[in-house]
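> Construct all of the structure, not just a fragment, from the sequences and the given hints.
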Amino acid sequence: MTLGTCLENVRATTPLVHNITNYVTVNDVANIILACGGSPIMSDEPRDVEDITSICGGLNINIGTLNERSIQAMYLAGAKANELGHKVLLDPVGAGASRLRTETALGLMEKMHFDVIRGNVSEIKTLAGSAAATRGVDASAADAVTDENLDAMVRLVKELSARTGAVIAITGAIDLVSDAQRCYVIRNGRAQMGAITGTGCQLSGMMTAFLVANPDRPLEATAAAVCAMGLAGEIGLEALQPGEGNATYRNRIIDAIYRMDGVALDRGAKYAVR
Amino acid sequence: MTLGTCLENVRATTPLVHNITNYVTVNDVANIILACGGSPIMSDEPRDVEDITSICGGLNINIGTLNERSIQAMYLAGAKANELGHKVLLDPVGAGASRLRTETALGLMEKMHFDVIRGNVSEIKTLAGSAAATRGVDASAADAVTDENLDAMVRLVKELSARTGAVIAITGAIDLVSDAQRCYVIRNGRAQMGAITGTGCQLSGMMTAFLVANPDRPLEATAAAVCAMGLAGEIGLEALQPGEGNATYRNRIIDAIYRMDGVALDRGAKYAVR
Amino acid sequence: MTLGTCLENVRATTPLVHNITNYVTVNDVANIILACGGSPIMSDEPRDVEDITSICGGLNINIGTLNERSIQAMYLAGAKANELGHKVLLDPVGAGASRLRTETALGLMEKMHFDVIRGNVSEIKTLAGSAAATRGVDASAADAVTDENLDAMVRLVKELSARTGAVIAITGAIDLVSDAQRCYVIRNGRAQMGAITGTGCQLSGMMTAFLVANPDRPLEATAAAVCAMGLAGEIGLEALQPGEGNATYRNRIIDAIYRMDGVALDRGAKYAVR
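Protein chains in written order, with this note's numbering: chain A, 1 to 274; chain B, 275 to 548; chain C, 549 to 822.
It should be emphasised that the hints constitute simulated quantities derived from the structure, not laboratory data.
No residue lacks a Cβ here, since even glycine has one placed at the ideal position from N, Cα and C.
What you were told as hints is all true, and nothing was included just to trick you.
Computed spacing ranges between beta-carbons, pair by pair: (1) THR13(A) to ALA426(B): 27 to 33 angstroms; (2) ARG807(C) to GLY107(A): 41 to 47 angstroms; (3) ARG559(C) to LYS270(A): 28 to 34 angstroms; (4) GLY677(C) to ALA353(B): 31 to 37 angstroms; (5) ALA353(B) to GLU68(A): 24 to 30 angstroms; (6) ARG456(B) to ARG559(C): 57 to 63 angstroms.
Some chain C residues flagged as far from chain B (calculated, every beta-carbon gap over 12 angstroms): (7) GLU598; (8) ALA627; (9) GLU631; (10) LEU632; (11) LYS706; (12) THR712; (13) ASP814.
This is the structure we're talking about:
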């Protein structure tokens with residue numbers, strides 16, 4: 001199955017995605033899920049989440065702007081989603097930046113099965129128990145995946161995947177998407193995407209839709225979502241007019257996902273498998 | 275009074291609207307209320323809402339991303355708004371999709387008077403006690419208002435209006451806006467609006483401003499807001515450039531409301547009254 | 549040091565800003581902080597905020613959509629930020645519009661030191677104990693700073709600054725930025741900015757980044773942020789195409805900040821010092 005087919009499967013099946021996510025980027029998360037062909041629902045009240053997650057196919061747990069109530073909702077929704085065999089994704093926003101965020105991410109990983117864990121390199125290193133140098137919700141430059149440390153980083157994600165049973169996705173200048181055996185090394189995207197809040201959150205939401213629509217191919221579905229996001233970043237930047245900046249760029253990226261089809265994704269995806 | 279006059283009355287009076295609404299679409303709700311000439315305030319803390327609603331002319335209650343605290347705030351604010359004779363609107367987002375949402379919508383309807391209840395067809399059928407096939411926060415295709423079931427649906431909204439004392443607005447491909455006697459059947463809008471999160475929420479916010487500015491004409495005010503939103507969807511789609519998608523379309527719809535005047539609304543509104 | 553240098557210092561140092569802010573405008577706040585060269589983090593959970601604020605350089609407290617939990621977080625984060633000598637800004641959204649908002653703003657001012665307090669004229673008059681005529685979250689026209697009452701208003705902000713030890717910023721058609729000795733009277737901006745939700749919130753977030761990057765020059769840093777926002781409003785309006793309205797204008801303002809450099813800011817800033 002090609003990566004483009006993964007996208008086409010989203011459009012063909014309109015997967016419902018339950019999101020427990022931060023209030024900073026939630027609107028863009030909803031719009032990018034719609035743009036790729038999915039249907040988003042947001043709910044973070046403990047009394048509401050089990051019903052909501054039950055009618056969906058996937059659950060996207062993002063711990064940015066977590067609070068006592070939403071943490072409780074994450075545990076309840078995750079347990080229910082696991083019970084129903086739904087796809088579940090963890091976006092550990094800010095793991096390493098505060099005790100509560102690190103503990104919540106690790107606690108969730110202990111109590112439930114995740115199909116995918118997606119974060120920046122500092123967040124993923126924190127979860128892997130390796131020394132990370134988090135800078136707030138952004139990855140530290142010291143942690144970046146580079147051609148120099150690529151071998152070591154591929155080993156790290158394969159080991160973390162083997163240990164957790166989840167596909168691991170690290171996104172940054174070079175993206176890694178790995179299960180225990182194979183690692184996609186992806187080189188789509190533009191540095192300017194870092195000047196938009198929430199491209200990572202958006203990717204996690206869209207990725208959950210890809211997982212639901214491609215239930216037997218989690219590695220390919222995850223890689224497809226990463227390539228689609230990076231390619232949209234390239235198309236959106238190309239479309240930027242003089243005087244336009246990060247706010248318009250944000251819209252153009254979502255627009256590019258809306259316009260993208262499987263053929264364009266297959267043609268634009270830049271990756272090697274190791 | 276024409277529908278265009280209803281819009282002009284909003285611009286002439288700058289009605290203040292208190293919104294207890296979800297955090298997914300709240301920014302767009304605020305911007306569209308400003309676009310049509312109103313002034314939005316958001317507050318969902320029980321200790322804050324009675325003061326805030328007192329200084330406003332209308333209250334927009336939207337149960338998307340409801341939680342224990344905001345539900346309590348809805349009851350307090352609604353009681354105060356009723357006491358003061360303010361306009362109150364209910365947007366039952368996801369009624370039918372979870373027990374908490376259905377119970378909250380019905381509970382609010384029992385405890386307070388709503389001037390308007392606006393939702394998609396599955397949500398409204400849930401409130402009417404008729405069998406609905408909700409698909410998350412979107413209407414089920416099986417429930418859609420069509421030319422084939424139009425007579426039955428007009429009967430349903432008239433009966434629900436008679437029973438609740440509220441103007442009932444169902445929005446979708448065909449929109450119905452009805453009191454117990456008359457029903458506007460509205461055919462503005464574009465199918466692509468469904469690919470934007472929150473066009474319904476935006477409409478409810480804007481509609482509350484229309485109600486406040488046209489206190490004696492709730493049916494016309496509601497119909498005017500529905501036509502304005504649909505017409506903005508038509509204008510916004512027409513303005514879309516190659517490569518643009520749902521994110522930019524969202525902005526163009528709000529922009530179209532900002533630019534719309536009463537003459538344009540009267541010229542563009544497409545409806546019949548039954 | 550010129551105002552343009554204040555902006556360049558933001559870009560050179562990428563200050564981390566912790567925001568406890570409302571969910572209406574939070575996405576725009578994050579994107580404008582990124583646009584000016586800073587890095588935003590949002591957290592409002594009491595168990596999280598001390599860790600988060602500790603890794604940042606500044607704290608932006610905005611009381612729009614405050615609730616019991618976030619109020620507690622404001623007190624905890626403010627105390628920690630003061631202890632660490634971080635910059636702290638207060639945006640008293642809606643002070644004067646409800647008891648809870650007024651009491652929270654005054655309570656915070658009593659318990660912690662603010663480097664800057666930024667609001668509209670009605671909010672600042674409320675904090676100064678002078679009769680204000682708040683109209684929701686917007687300033688009352690009766691309160692507006694004009695050429696006629698300019699002397700009295702400059703006296704008011706200087707006195708409030710002397711009393712609180714904070715730089716006071718009133719924004720509106722004429723902006724005032726003052727410490728106890730000197731007051732910048734700024735005439736950048738466009739009236740149409742009032743049709744966008746959250747330009748004030750955005751300014752407060754960006755201003756906090758300016759404060760962190762210019763630690764010894766709070767007055768100049770604050771004035772620079774105000775001029776930058778107003779200038780961006782001028783550039784963004786100029787760039788508006790036929791048919792575009794407040795939603796696109798919002799993006800164009802953030803875009804203009806993204807594109808602005810120190811030379812452009814110095815050339816475009818319109819102010820006198822009194």
